[in-house]
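Enquirer: Just so you know, we're using the numbering used here here: the sequence shown kicks off at 108 and counts up by one.
Watch out, some of these pointers could steer you wrong.
[Claimed, not checked] Label pairs and their computed distance ranges (CB to CB): (1) G301 with L256: 29 to 37 Å; (2) F152 with V202: 41 to 49 Å; (3) V132 with P161: 42 to 50 Å; (4) P161 with S194: 49 to 57 Å; (5) P205 with V144: 34 to 42 Å; (6) L351 with M239: 42 to 50 Å; (7) P205 with L351: 14 to 22 Å; (8) P205 with D250: 41 to 49 Å; (9) A203 with M239: 46 to 54 Å; (10) K356 with A247: 40 to 48 Å; (11) G281 with L256: 26 to 34 Å; (12) R360 with R137: 24 to 32 Å; (13) L351 with Q248: 38 to 46 Å.
If you are wondering where the hints come from, they were derived from the structure by calculation, not from laboratory data.
Every residue, glycine too, gets a C-beta built ideally from N, C-alpha and C.
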Amino acid sequence: MTGPTDARAGLRQALIHEWIKFRSVRSLVRPTLATAVVPVLGAVFVARTGSLRPDDTVLGAALTLSVTAQMLAAVVGALVITGEYGSGTIRTTFVATPRRGTVLAAKAVLLAGLTCTVALISCTLAYLVEDMMLDDDTYAQGDPFPALLGVALSFAVAALLGLAVGTLVRHSAGAVTAVVGVLLLPSLLGPLFGDAQRWVAGLSPTAALQKLTQTSDATAETVGSLGPWPSLLLVGAYTTALLLLAALKLRKRDA
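Input sequences plus hints: build the corresponding full structure.
Expert: Pasting the structure below:
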């Protein structure tokens, strides 16, 4: 019978294994780098082209491409596990760490920590670049803190959602399609639900992100009527539930 110390040791070792695998797989490293670069490029583009609207904030303009970056984070989350199913290395992973729940937990911890850190640095840099390039007081600043922390957390939630979907689907193309659909479809299908549109539209990490960036496009009809932090909490709650379901399925299914 193993105790808490054994469980901690197992998770720590699994984390080391997951980090070694992650940094050695180009299909994971490249989109992660893109996740970091895209928000900054978006900030430079918006400032250079002067494409801000009068009611835009500097923060909202700086994070114009943050939705694209968040999608990349979700794709990385899915590929972290579907890539192993596709190559067959998942069997080796389960031999090295027989507790499948520990494997999933290690992937989740690595993804959440890495994605949140990358997003926080990238989006903060994008805001600072935008603020520096817009050298007048025409536009309101917005409230960057703690909003930028929430933005980083929304990236982590998107990555974990991708991991959950990838664990359930086990096929890269299917998982990527499904998780991108989860991110985009609520706002696209919201108008079909009449009076419930404001709730349906807010059921994705993308909606929470747009509220946190304080973009002028974040109307109740497009991203739901909940505030930014309650929206992030709601998305985090169902992502957690989906991860628990994925862990249950992972234990019961063959590799």
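Enquirer: Of the hints given before, which are not true for this structure?
Expert: none
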